[in-house]
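Everything in the sequence shown is counted per full-length UniProt numbering, starting at 1 for the first residue and increasing by one.
I should point out that these hints are in silico values taken from the structure, not numbers from a laboratory. Among the hints, a few may not be true.
Claimed, not checked - Subject to a maximum C-alpha distance of 30 Å in a straight line, what follows is the list of computed DSSO-like cross-link-like pairs (lysine-lysine):
#	residue 1	residue 2
1	Lys-309	Lys-296
2	Lys-698	Lys-719
3	Lys-769	Lys-520
4	Lys-296	Lys-526
5	Lys-329	Lys-424
6	Lys-191	Lys-329
7	Lys-294	Lys-698
8	Lys-309	Lys-294
9	Lys-332	Lys-424
10	Lys-698	Lys-335
11	Lys-105	Lys-68
12	Lys-405	Lys-329
13	Lys-335	Lys-572
Unchecked claim - Pair ranges (Cβ atoms, derived):
#	residue 1	residue 2	range
14	Glu-668	Val-261	23 to 33 Å
15	Glu-190	Glu-98	18 to 28 Å
16	Asp-591	Glu-507	18 to 28 Å
17	Asp-256	Thr-384	27 to 37 Å
18	Tyr-431	Glu-632	16 to 26 Å
19	Glu-507	Lys-68	50 to 60 Å
20	Glu-668	Lys-570	53 to 63 Å
21	Lys-402	Ser-617	14 to 24 Å
22	Asp-400	Leu-481	44 to 54 Å
Backbone N, C-alpha and C define an ideal beta-carbon position, used for all residues, glycine too.
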Amino acid sequence: MLTTNSVRLILEKHFTKRSYMGNTYCHLKTYQDNYKDLVRTCSYSTKFDAKNNSESPADPRVQALREKLIYCDYLDRDNVKPGILKRFIWNKKLRFIEKQLQVDKLVNEPVYSIFLDEYVKDNESLQEDKQEDKQEDHTNPRENITRPVHMPYASTDKYSSTDTGKSNFVEIDFDESMLPLNEKYRSLYEKYLEAKNATEENSGKELKLDEYMKEQTNVSYKTDLSNVPFNWMADFEEFDDTMQEKTWLSNYGTPDPESSVSSVPCGGCGALLHCKDHALPGYLPSELFLKKSKHKQQVMICQRCHFLKYYNAMLEVKVSPEEFAELLKVIKTKKCAVILMVDLTDFPCSIWPEINSVLHPFTTVFVVGNKVDLLPPDSRRFLTHVKECLSRAVENMGVDKKCIKYVGLISAKTGYGIEELIDKLYSQWQYKGDVYVIGCTNVGKSSLFNALLQSDYCMVQAVDLIQRATVSPWPGTTLRLLKFPIMNPQRWQLYMRMIRLKEERQESKAEEEIRINDFKMTRNLKYVTLQSHIGRTFSQNFEVQPKGNLLIMKKYNTSMQNFCLDETRKYKYSRWCYDTPGTIQRDQILDLLTTEELLLVLPQRTIAPRTFILQPSQTIFLAGLGRLDFLEGDDFIRCTIFASHKLPVTLTRIVDADDVYNELLSTEAFVVPENNPDRLKHWPALGSKEMEVTGIGKNISVADVVLSSAGWMAISTEKDYRVLLRAWSPQGRGLHLRTPALLMKSVGLRGDRIPSTPTYKVGRAAYIKT
């Protein structure tokens, strides 16, 4: 089948082309009207991942539960793909277009043959070769045999029979190297075990390979160092290989308990560097830490940040949650402003309930909702409604409304809303004191810190002197305070910044119109993702300064020899922007997940809402992370699920829900948690909470049932219909009824219902202004 790009190229090339096939006139411009549907059809075919399109048979344990399952993504997703018949029809039309283009090319485009051009020249040489062959000696009778010519122009000899009797076989001595690869290494491993058993003391039994594998000790389910090579220290420029010893290979470095902790913080997480204990934050092996000057230590990062940055591997460290709260208590004793970050895909669970314990009654608060790029627009007032919900949730946590100077929506990943936040910081707070970025774990504080560091909010001279904070999907990456000096802009600097933003807004508006047109054509949510550009008014090596009526450029010396801030001189009286460690919120379940599970649960692209019909006495599972029971109601309800597209959905009856959950945990149907017996030993049981709502309309969601960090389900039913629900999550964490719904009109953007199933097609998925 043709891909989207090939269809685009074919149609654009032949839209206005006229071809004459014999006496038949063909005008390919008639296919221009169907271009939108053709491209949309091709996008449907690539919507599902390879796992769902694979031909591997389903788990028989899941198939055995078929009678108890009303719907299961693991079994039914291939059967409910939107537009199967429609894709078949359009694929047929695409093949017809391709055929017509091939005929057009063969009939109308001239054909040139190199063989015809060179035929006359080659004919004479062929005649000469034939005469030379006749004059050769014919002593070998086999050379006189005329060989048959097989197309294309390949000559072969006649086949001759060969006796395959046993007499022709030669006995070959058995060689262990001729074994298959897996059998060869199995034999070698058996020999290794025999030698190991012989050398071990007090060993009363002999181990075979299968027995040895069963007795292997289990590694912590959160720690995976498979990506880390044995020579990882060589990545550090400061590593001295002359100090290398054999002992450091066993634990990725040798600690020195007798050494002292330095006063230099890690540039990635803020922990003080040391080599005392590898389980404490800020650890560096003694091979890297000892005999290094303070200047060299200032450009280094700890072992944990190095593994996160280069190998995508996590090391667990011993950090008490109470220490994070102690670091934030300095806010209450000084004049400063606070940027309170909230994860829009996980609130109110991502709002620290004890935030008032670190805030002064007169502390200025800037509330920002991060990850707005992951929310699909559902109405014209989409952003305004989300701001109202965010402001209401923060006030319910006890933050005084008088202290909130700004409520904004940003995306630290795509840059949306960052420039507006900087404008508000300059206008509302100016240069009165330090600024602290606070919030729960995994809300994006380090990403915002890095974005502000590379913007006009940081002093021009310090941009190249500050290391970027370590960013990873694991909660609790930042362990101590990180900071950069804030720029104190003059009036002329603010004016130049305003001119730059005005020019960039015009470009952004043109880009937005292009993305909207692409979305209307392809229905791909990536084109409605909110994004913006974070620019700099002044260069990192130059600064514009006024001199009379002219502006001059002043160059700064930021050589690598001075790759550190001298806080005792130039930056002694500067104001600072701090990145703080994430506070622990009990409502979040992120600390219960492994590395692979985190990457599946956290959405990486704009969420596509999925709508299901739920009848009374039925239950719906969101992977193995959440469950919603429909206990009582006047009629069916519609559940619109907002979660990562990698989390499957399963429907069953309440009476069978417990058995189905316990059975599917040990299969691949739930995806999260992992199908691993050792992993499931650490998986907690589900806890529940009952909720009650009253409908306001079948195409408007009345409330959201928040299932902690896994996502939420928007509930919609007929007006004045009463609904009694019971929600479940691991240990009962983060179960909230959010009223009104965050995306209350997304249910109205659903597609048609798929026959004989409780699910709907994706539909438009997002609202676009017309």
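Do the hints match the structure? See the list:
no., hint, in the structure
1, Lys-309 to Lys-296, "19 Å, holds"
2, Lys-698 to Lys-719, "7 Å, holds"
3, Lys-769 to Lys-520, "11 Å, holds"
4, Lys-296 to Lys-526, "43 Å, violated"
5, Lys-329 to Lys-424, "25 Å, holds"
6, Lys-191 to Lys-329, "61 Å, violated"
7, Lys-294 to Lys-698, "66 Å, violated"
8, Lys-309 to Lys-294, "23 Å, holds"
9, Lys-332 to Lys-424, "22 Å, holds"
10, Lys-698 to Lys-335, "50 Å, violated"
11, Lys-105 to Lys-68, "57 Å, violated"
12, Lys-405 to Lys-329, "21 Å, holds"
13, Lys-335 to Lys-572, "17 Å, holds"
14, Glu-668 to Val-261: 23 to 33 Å, "46 Å, violated"
15, Glu-190 to Glu-98: 18 to 28 Å, "58 Å, violated"
16, Asp-591 to Glu-507: 18 to 28 Å, "42 Å, violated"
17, Asp-256 to Thr-384: 27 to 37 Å, "58 Å, violated"
18, Tyr-431 to Glu-632: 16 to 26 Å, "58 Å, violated"
19, Glu-507 to Lys-68: 50 to 60 Å, "56 Å, holds"
20, Glu-668 to Lys-570: 53 to 63 Å, "58 Å, holds"
21, Lys-402 to Ser-617: 14 to 24 Å, "48 Å, violated"
22, Asp-400 to Leu-481: 44 to 54 Å, "25 Å, violated"
Checked against the numbered hints given earlier, this structure breaks hints 4, 6, 7, 10, 11, 14, 15, 16, 17, 18, 21 and 22; the rest are met.
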